[in-house]
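Asker: Spelled out, the chains give:
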Amino acid sequence: MNATPSCDISVAITGSGGAGSITAGELLLGMAGSNGCFGVMRRSFGPQIRGGEAAALVRVQHQPVECMNDNFDLLLALDWRNAERFAGEIALRPDSVIIADPAAGEIPAPVRELGVDIIEVPMKALAEEVEAGRPNMVALGLLCQWLGFSPDEAGRSIDQAFRARGEVIVRGSQAAFDKGFTEPSIVAARKARPGSERQVPSWSETRWQLNGNEACGLGALRGGIRFAAAYPITPASDLLEWLSPRLEKLGGQLLQAEDELASINMVIGASFGGVPAMTATSGPGLALMLEGIGLAVASETPAVIVDVMRGGPSTGLPTKSEQTDLNMALYGMHGDAPHLVLGALDHADCILTTEWSVRLAEALQTAAVVLTDQYLAQSRALIPEPRYTLPEIPARSTAESAAEYLRYADTPSGISPMAIPGTAECTHVAEGLEHRENGRPSTAAADHARQLEKRARKLREFDFGEHWADIRGDGTTAILTWGSTTAAVREAADRLQDAGTKVKVIALRLLLPASPDRLAETLQGVDRVLIVEQSHGRQFHHYLRAHYDIDAECRTHARPGPLPITPGEIVEQFVNWS
Amino acid sequence: MEQATTAKKAIPKDYKSDYKPIWCPGCGDFAVLNAITKALAFLALPREEVALITGIGCSSRIAGFTSLYGFHGVHGRSLAVAAGLKAARPELTVLVAGGDGDGLSIGGNHFIHACRRNMNLTYIMMDNEVYGMTKGQASPTTAADWEQSKLTPHGTGIRPFKPAGLALTAGASFIARGFSGDPNGLARMLVEAISHPGFSFVQVLSPCPTFCPEQMQWKKQVRIFEETDTDDPILAAQRIQADDGMSTGIIFRQEYAVFQAQSTAGADLEPIEQEFAI
Numbered sequence: 001m002n003a004t005p006s007c008d009i010s011v012a013i014t015g016s017g018g019a020g021s022i023t024a025g026e027l028l029l030g031m032a033g034s035n036g037c038f039g040v041m042r043r044s045f046g047p048q049i050r051g052g053e054a055a056a057l058v059r060v061q062h063q064p065v066e067c068m069n070d071n072f073d074l075l076l077a078l079d080w081r082n083a084e085r086f087a088g089e090i091a092l093r094p095d096s097v098i099i100a101d102p103a104a105g106e107i108p109a110p111v112r113e114l115g116v117d118i119i120e121v122p123m124k125a126l127a128e129e130v131e132a133g134r135p136n137m138v139a140l141g142l143l144c145q146w147l148g149f150s151p152d153e154a155g156r157s158i159d160q161a162f163r164a165r166g167e168v169i170v171r172g173s174q175a176a177f178d179k180g181f182t183e184p185s186i187v188a189a190r191k192a193r194p195g196s197e198r199q200v201p202s203w204s205e206t207r208w209q210l211n212g213n214e215a216c217g218l219g220a221l222r223g224g225i226r227f228a229a230a231y232p233i234t235p236a237s238d239l240l241e242w243l244s245p246r247l248e249k250l251g252g253q254l255l256q257a258e259d260e261l262a263s264i265n266m267v268i269g270a271s272f273g274g275v276p277a278m279t280a281t282s283g284p285g286l287a288l289m290l291e292g293i294g295l296a297v298a299s300e301t302p303a304v305i306v307d308v309m310r311g312g313p314s315t316g317l318p319t320k321s322e323q324t325d326l327n328m329a330l331y332g333m334h335g336d337a338p339h340l341v342l343g344a345l346d347h348a349d350c351i352l353t354t355e356w357s358v359r360l361a362e363a364l365q366t367a368a369v370v371l372t373d374q375y376l377a378q379s380r381a382l383i384p385e386p387r388y389t390l391p392e393i394p395a396r397s398t399a400e401s402a403a404e405y406l407r408y409a410d411t412p413s414g415i416s417p418m419a420i421p422g423t424a425e426c427t428h429v430a431e432g433l434e435h436r437e438n439g440r441p442s443t444a445a446a447d448h449a450r451q452l453e454k455r456a457r458k459l460r461e462f463d464f465g466e467h468w469a470d471i472r473g474d475g476t477t478a479i480l481t482w483g484s485t486t487a488a489v490r491e492a493a494d495r496l497q498d499a500g501t502k503v504k505v506i507a508l509r510l511l512l513p514a515s516p517d518r519l520a521e522t523l524q525g526v527d528r529v530l531i532v533e534q535s536h537g538r539q540f541h542h543y544l545r546a547h548y549d550i551d552a553e554c555r556t557h558a559r560p561g562p563l564p565i566t567p568g569e570i571v572e573q574f575v576n577w578s
Numbered sequence: 001m002e003q004a005t006t007a008k009k010a011i012p013k014d015y016k017s018d019y020k021p022i023w024c025p026g027c028g029d030f031a032v033l034n035a036i037t038k039a040l041a042f043l044a045l046p047r048e049e050v051a052l053i054t055g056i057g058c059s060s061r062i063a064g065f066t067s068l069y070g071f072h073g074v075h076g077r078s079l080a081v082a083a084g085l086k087a088a089r090p091e092l093t094v095l096v097a098g099g100d101g102d103g104l105s106i107g108g109n110h111f112i113h114a115c116r117r118n119m120n121l122t123y124i125m126m127d128n129e130v131y132g133m134t135k136g137q138a139s140p141t142t143a144a145d146w147e148q149s150k151l152t153p154h155g156t157g158i159r160p161f162k163p164a165g166l167a168l169t170a171g172a173s174f175i176a177r178g179f180s181g182d183p184n185g186l187a188r189m190l191v192e193a194i195s196h197p198g199f200s201f202v203q204v205l206s207p208c209p210t211f212c213p214e215q216m217q218w219k220k221q222v223r224i225f226e227e228t229d230t231d232d233p234i235l236a237a238q239r240i241q242a243d244d245g246m247s248t249g250i251i252f253r254q255e256y257a258v259f260q261a262q263s264t265a266g267a268d269l270e271p272i273e274q275e276f277a278i
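So the protein lines, in turn, are chains A and B.
First residue of the first sequence? That's 1 in my numbering, and the numbers climb one at a time after it.
First residue of the second sequence? That's 1 in my numbering, and the numbers climb one at a time after it.
Quick caveat, the hints were computed from the structure, so don't treat them as lab data.
Owing to the predicted nature of the structure, the values given are computational and were not obtained by experimental measurement.
Ideal placement from N, C-alpha and C gives every residue a C-beta, glycine not left out.
There are no misleading hints in this set.
If you only want the chain A side, here are some residues facing chain B, beta carbon under 10 angstroms, derived: (1) Q209; (2) E214; (3) G252; (4) L255; (5) A262; (6) S271; (7) V275; (8) L295; (9) E425; (10) G439.
With a Cα cut of at most 25 angstroms, we get these calculated SDA-like pairs of lysine to any residue: (11) K16(B) to E404(A); (12) K9(B) to A402(A); (13) K20(B) to A409(A); (14) K8(B) to E425(A); (15) K38(B) to T423(A); (16) K38(B) to A424(A); (17) K249(A) to A257(B); (18) K135(B) to Q215(B); (19) K9(B) to E425(A); (20) K9(B) to S401(A); (21) K13(B) to E437(A).
Per label pair, the in silico range of CB-to-CB distance: (22) K162(B) to P412(A): 49 to 57 angstroms; (23) E392(A) to I278(B): 27 to 35 angstroms; (24) T411(A) to Q241(B): 51 to 59 angstroms; (25) D244(B) to A446(A): 49 to 57 angstroms; (26) K162(B) to G316(A): 38 to 46 angstroms; (27) A446(A) to T134(B): 20 to 28 angstroms; (28) R193(A) to I278(B): 26 to 34 angstroms; (29) T134(B) to G335(A): 13 to 21 angstroms.
The shape of chain B in the complex, shown without the other chains:
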């Protein structure tokens, strides 16, 4: 991996703002913030050349806790904002972050199309299987029998999404699963994701101690995938389906054609104006 040379060695703190996160004590998202800043420091990216685009939810507040250019938009639309920015300014490093509800429910359509479009974006989905900001409702990754929400007191009765499987089917070219309890491993994974040409999807198991305290046991349940990543979508699908969703690692990596504009700069408006003249 190529590391940019700068006069002063970048450190993770350079990428943090002085704004104190609003997250609950024990929230996995603190570690995700640390992993992102570590990855950026490792890559030594100038912070003004990086944009972090987020939606709405606890995890989407992350943009404000960095010193990057950020856009904190509306619920579920971060990938669309990011696509517009990346298309208009391809030289920028564009990161997108948010939660499972933001990305898979209200933003589900944008998610599958972002996978398919394969723009060079890195999408970090902090998955805690719950809507935290609205006080604990079931999300598309919540277990069908989770009965802790007043909104669905008998559980949703609906099988949860497998985000990695969804991303694979939709055509994502880089799919990984990390864990907030392993911030160094996550940082290394993010370095790979950011360096990958195309759309990188990183699902991060990031527990919610407030609404899903049982997730504090995840640290005992996660394991590292036995196999290294594959470029074979059939093999990747088998691994995703065989897994209980708690194995971490890069699952799939393939160099699909990266979306880019076909524009040719330089022409001027006059010939276009003349098309109308008779």
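Bound conformation, chain A alone:
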């Protein structure tokens, strides 16, 4: 590959719901891809279906990037309705630029008062010059011109996006794009800016474009999931919608359940039948499933639950991101219920973590909760083709016909042979009551102690290998994080490194069971640790305090959603810390 020119541009496209800002953003990300860049696009919108606000927040870079930057280089406003709702979300710098349509009315005072350059382009009027032209496609043309993208691939992208809506729309969209791309005011404005002759990079190797929900779905399929049951909930629904037709193609199925209580129990039923099974939900749904997850643990039935976290409690912020279901996933169970909790770190990692979770749940015959969040799930990224290797994990242990079959045999590993219906001579009752080795209910102290210990031993004795955490860099300073804040932490570490501070980034992937020995080893020689999480209640910090010994001096950067934690605010934590 040739020396890659650097590029790092953040663009916000805003408009009222239905104005097409999200479509324009998705196409822009696609154009970034065909122009050899990487990028990420976050969608921001309210809970309304129409008439609310919608913003596509796109960051384009010459290297893989998965977090939002601290501020935006360019804001393109299709209209100014609901603009105030984005005010806190789209931070501009004095040298940022705004593109706006004079026909969209007065620029709101708070925006005008920022004093940034405003380029006025009559997007609506330009769109009306062509049949079936829409202002958002003019906007796409303007942005491709501004970013220096080649328009060559635009036709193909537009055709792909609108083919289903007919040729008139495709032609109109293409023509509107051209109007924007060749608009003299934008060409002139770009030329007038320093560095306008930059070249876009040209990464030629295969890249993938996906969001975290799709990535989790793929990981689930790779892990062998062939049954899903679920109840719609934002922001997990699009994972389920992605999964449903693909499960069908693979001979599996997705059942829409009447509620989350049913979802988890359907998953348990299918898994009892021998088919690897999962559900996906968000906080309120996970709360309803906790009883069923306890049943999966007690009956030792493998089950995978993907929880796409959103702001809570209650209905909270259903379309916004937060890392605040951690406590529930770790501690929500009734009784002593050893189970697995894993957190995906970035888009590619959603594939790895979900596949790993499925394999672990199957091998260990227990429930695995996979945590992602709205940011990861619904942001779309252009990433290098994901490659990873999971350790060898045995498949679910099966049972052959046997005269003395014991479903809950107390084996050295704690894992018992699991006979599925259809296996002769192994009939038994999978039991949610405490039981003896043969599955018969028992309230005897010895049986309870024995089965509790067996279920704990399964997880305690299992070698989870090197994937417990993702560790990058080295130094006497470390940043500890988990989940989607990992991307911002990695970028902050790069900036600190550039400024002379070496930083080790430790992102925990396996949360339960905890790995205190491994973390202690990783933290050897580290004298200060910053803990980063998106939770007002410092749930991750409390988890670390409960399960790990950390000798270094610890500070915490914890704040709630919905705004993503950015690299800049993490770097700032070190300004007065020496």
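Once you've looked at the hints, dock chain B against the given chain A.
Answerer: What follows is chain B alone, placed relative to chain A:
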């Protein structure tokens, strides 16, 4: 009815485990256990091909007293577990059993949706109009003026459900009412229910001698429906509404479309992976 041929003729005892039921003497559920095993023996189903899924309550302990594959889950969720199992393993015969509280109160939502979904399941609801395992509280089928519970000392004041009517409205395709005092009749009814394609709901009047001793008189009150079953939901609704809940027989039978997965086996993952590549 087709009877499978096996080398050795199946007998009801083949379907029982050696685990002694925990039920009180005189409990109607003993006879339900016998009726289930008789029906399975008549159908000569290999026991490993049958699963019995239950919830929580006295009657839900029934799975352990059989030699079938069983799943004894949490309170009210047996129909959901069964739906998952049947969807994943359609070749299995899946029976579901439990009580009136399990199925109509905490599991009420699953009940109406199971009726509506019409998967090929047989649901046996042992109705004794009381929560026995928690020591005698009113259930959704308890009479409004039943004053024997400390929890509702003045009665619930709430009219009870008519389970058959609920099932009919929710779209069940087979609805019957049996009585534990007639285990042979119940066994014949269960054979019909298991053989019916779709969701079969069998309400079984199964007295609780401990908390509702008055139910020991049910044997004098039950009667057989004068009419045979109908496929007309309006007629069925009339019969259910006109009845005092003590008539037994198959009430409604209709071949609604049976729920099944639309999956097409054989594709592999590679083309799905390639959807992401640019």
